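> Got chain F; can you put chain D on it based on the hints?
There are 2 protein chains.
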Amino acid sequence: MKKLVETVPNFSEGRNKDTIEKILICFKDKEGVKLLDLHRDKDHNRLVVTAVGGPDELKRAVLEAVGTAINLIDMRAHRGEHPRMGAVDVIPFIPVKNISMEEVVKLSKDTAKEIWKTYHLPVFLYEESASSPARKNLANIRKGQFEGMPEKLKSPGWGPDFGEREIHPTAGVVAVGARMPLVAYNINLDTDNIEIARAIAKAVRQSNGGLPYCKAIGIELRERKITQVSMNMTDYTQTPLYRALEYVRAEAKRHNVNVIGSEIVGLVPMAAIVDSATYYMGLEDFNIDKILETKIIEQ
Amino acid sequence: MKKLVETVPNFSEGRNKDTIEKILICFKDKEGVKLLDLHRDKDHNRLVVTAVGGPDELKRAVLEAVGTAINLIDMRAHRGEHPRMGAVDVIPFIPVKNISMEEVVKLSKDTAKEIWKTYHLPVFLYEESASSPARKNLANIRKGQFEGMPEKLKSPGWGPDFGEREIHPTAGVVAVGARMPLVAYNINLDTDNIEIARAIAKAVRQSNGGLPYCKAIGIELRERKITQVSMNMTDYTQTPLYRALEYVRAEAKRHNVNVIGSEIVGLVPMAAIVDSATYYMGLEDFNIDKILETKIIEQ
Numbered sequence: 001m002k003k004l005v006e007t008v009p010n011f012s013e014g015r016n017k018d019t020i021e022k023i024l025i026c027f028k029d030k031e032g033v034k035l036l037d038l039h040r041d042k043d044h045n046r047l048v049v050t051a052v053g054g055p056d057e058l059k060r061a062v063l064e065a066v067g068t069a070i071n072l073i074d075m076r077a078h079r080g081e082h083p084r085m086g087a088v089d090v091i092p093f094i095p096v097k098n099i100s101m102e103e104v105v106k107l108s109k110d111t112a113k114e115i116w117k118t119y120h121l122p123v124f125l126y127e128e129s130a131s132s133p134a135r136k137n138l139a140n141i142r143k144g145q146f147e148g149m150p151e152k153l154k155s156p157g158w159g160p161d162f163g164e165r166e167i168h169p170t171a172g173v174v175a176v177g178a179r180m181p182l183v184a185y186n187i188n189l190d191t192d193n194i195e196i197a198r199a200i201a202k203a204v205r206q207s208n209g210g211l212p213y214c215k216a217i218g219i220e221l222r223e224r225k226i227t228q229v230s231m232n233m234t235d236y237t238q239t240p241l242y243r244a245l246e247y248v249r250a251e252a253k254r255h256n257v258n259v260i261g262s263e264i265v266g267l268v269p270m271a272a273i274v275d276s277a278t279y280y281m282g283l284e285d286f287n288i289d290k291i292l293e294t295k296i297i298e299q
Numbered sequence: 001m002k003k004l005v006e007t008v009p010n011f012s013e014g015r016n017k018d019t020i021e022k023i024l025i026c027f028k029d030k031e032g033v034k035l036l037d038l039h040r041d042k043d044h045n046r047l048v049v050t051a052v053g054g055p056d057e058l059k060r061a062v063l064e065a066v067g068t069a070i071n072l073i074d075m076r077a078h079r080g081e082h083p084r085m086g087a088v089d090v091i092p093f094i095p096v097k098n099i100s101m102e103e104v105v106k107l108s109k110d111t112a113k114e115i116w117k118t119y120h121l122p123v124f125l126y127e128e129s130a131s132s133p134a135r136k137n138l139a140n141i142r143k144g145q146f147e148g149m150p151e152k153l154k155s156p157g158w159g160p161d162f163g164e165r166e167i168h169p170t171a172g173v174v175a176v177g178a179r180m181p182l183v184a185y186n187i188n189l190d191t192d193n194i195e196i197a198r199a200i201a202k203a204v205r206q207s208n209g210g211l212p213y214c215k216a217i218g219i220e221l222r223e224r225k226i227t228q229v230s231m232n233m234t235d236y237t238q239t240p241l242y243r244a245l246e247y248v249r250a251e252a253k254r255h256n257v258n259v260i261g262s263e264i265v266g267l268v269p270m271a272a273i274v275d276s277a278t279y280y281m282g283l284e285d286f287n288i289d290k291i292l293e294t295k296i297i298e299q
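Residue numbers (the numbering used here), protein chains in the order written: chain F, 1 to 299; chain D, 1 to 299.
Derived from the structure by calculation, the hints contain no laboratory data.
Warning: the hint list may mix true and false statements.
Listed below are the simulated BS3-like cross-link pairs for lysine-lysine, each with C-alpha atoms no more than 27 Å apart in a straight line [to be verified]:
1) F:K295 <-> D:K3
2) F:K17 <-> D:K295
3) F:K295 <-> D:K202
4) F:K106 <-> D:K28
5) D:K28 <-> F:K290
6) D:K3 <-> F:K28
7) D:K3 <-> F:K30
8) F:K2 <-> D:K97
9) F:K97 <-> F:K295
10) D:K295 <-> F:K295
11) F:K30 <-> D:K290
12) D:K295 <-> F:K59
13) D:K3 <-> F:K97
Chain D side only, calculated, beta carbon under 7 Å to chain F, not exhaustive [as the list claims (entries may be wrong)]:
14) L36
15) S276
16) M281
17) K295
These numbers come from a predicted model, not from an experiment.
For each residue, glycine too, the CB sits at the ideal point set by N, CA and C.
Excised from the complex, chain F in its bound form (with noise of 0.2 Å):
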């Protein structure tokens, strides 16, 4: 069975055409590396890049995109809304099929390693992969941005897992680590009422005692005068997407207000969404190896 990883490392530049082709090249055209999915952001200077393929091959077209920015980006001359912290800010790695956290977690240390040896660039690990929990929340390590590095770098606890205390003098530091994907959920309720909508929120994330791996915070579509409960599910395989949605229909029944429907944003993987089917249909023994599908990507 083919181990198959996705990557969405992202890079500190949204603008320049030529750099942005340099990195890309690096995961084109390479056997065992797909490139799936690319969005780049002149306002945030950032491309996010999504790939997939096996582990080896995409550590090796990682490797060769973090020394392509490294040469590319100077992060002293960078600016850009989003906060960042290196030339590639953050690399995270995601178990896709045929393979299980841990080895995901492994292949981001070997990848972290690899690169403090060959480019001199310090690597803080997280999520997964963390060395302690401070360290496991990505806007921890973050904080300070690019130009508060040198600084913390030296300050007690913050030292990085790979390298020294000093940055990279134009490419800064970059986070490397495993992590489940992500799924970005949004229900909208029948009420324009962003009040109901915040009260939802607050009793189906983990952080107020909902949901697990369930984050969570009350919108409004001003447009369309309706509310919604925008959830990002950190982990659907332990907290799947029917339980969220009937958990905020169940919620939204107190506040007499009905749930109009739902919305994924960007990829999700098969998996969550066949849980749910699964569980909508009562479907007995299904599993995504039922989905021929499956069997055209095992091959």
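Same frame as chain F, but now just chain D:
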């Protein structure tokens, strides 16, 4: 966008391992062709192969397998429980991705023509490729089986679509055609009263004025002491699975019976499941292009 077609050829050999292996080899290690599944049944004395690939590559693999089957299978000695009329009994072609039904009909006709030209095996076109309504249904064509075919071919209206009115002496005849993927979908009821299952099956099936593209019978699951509406959905793009489920659920209520689960037998296209998940989750703007695995296959 790569065109992808599925074929599920049925061969009249389920016992001889050497013959089976030689047929399978035609689909293995072929550039652009993937052998997905095989099912051999000794009682039926039949081999069912599932393969996908590009239209041209798949046609070449099928032609090679037809030649192998003709060389190695002698229908004059064939015994098995499943009705059959040839060494290769039936070859359906099914659109999977980025290809229209019209193109797959053409593929089936090109393949049929070459089968006659190369091997002098007479071919009937069936389903979407049928040259008349009487030939749409495979059962009509196969009636009489191998033993009755010599006489049938000479009877009015039963000349083959390619070839002369005489069977191949050892390989009989074959049916080739294009069809939609068939989904075997069963719905379980919390009653052991077979009459209720039969009444619901009668209400839901197309031939009694129920749902289009739905064949249905009521059956008993004696061990579990329940009954089942067992359905063949012949075009899930026209009649989605959720609609059959909700239709059966509504009919069941008339009999004070509940739907307690459902099952899909064999492989099902991702779109059929995504479609039903979209319905039950009220997903807006959702389709298989939002599924990670779709992007992986498309590359």
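> Going through the earlier hints one by one, which of them does the structure break, listed in rising order?
3, 4
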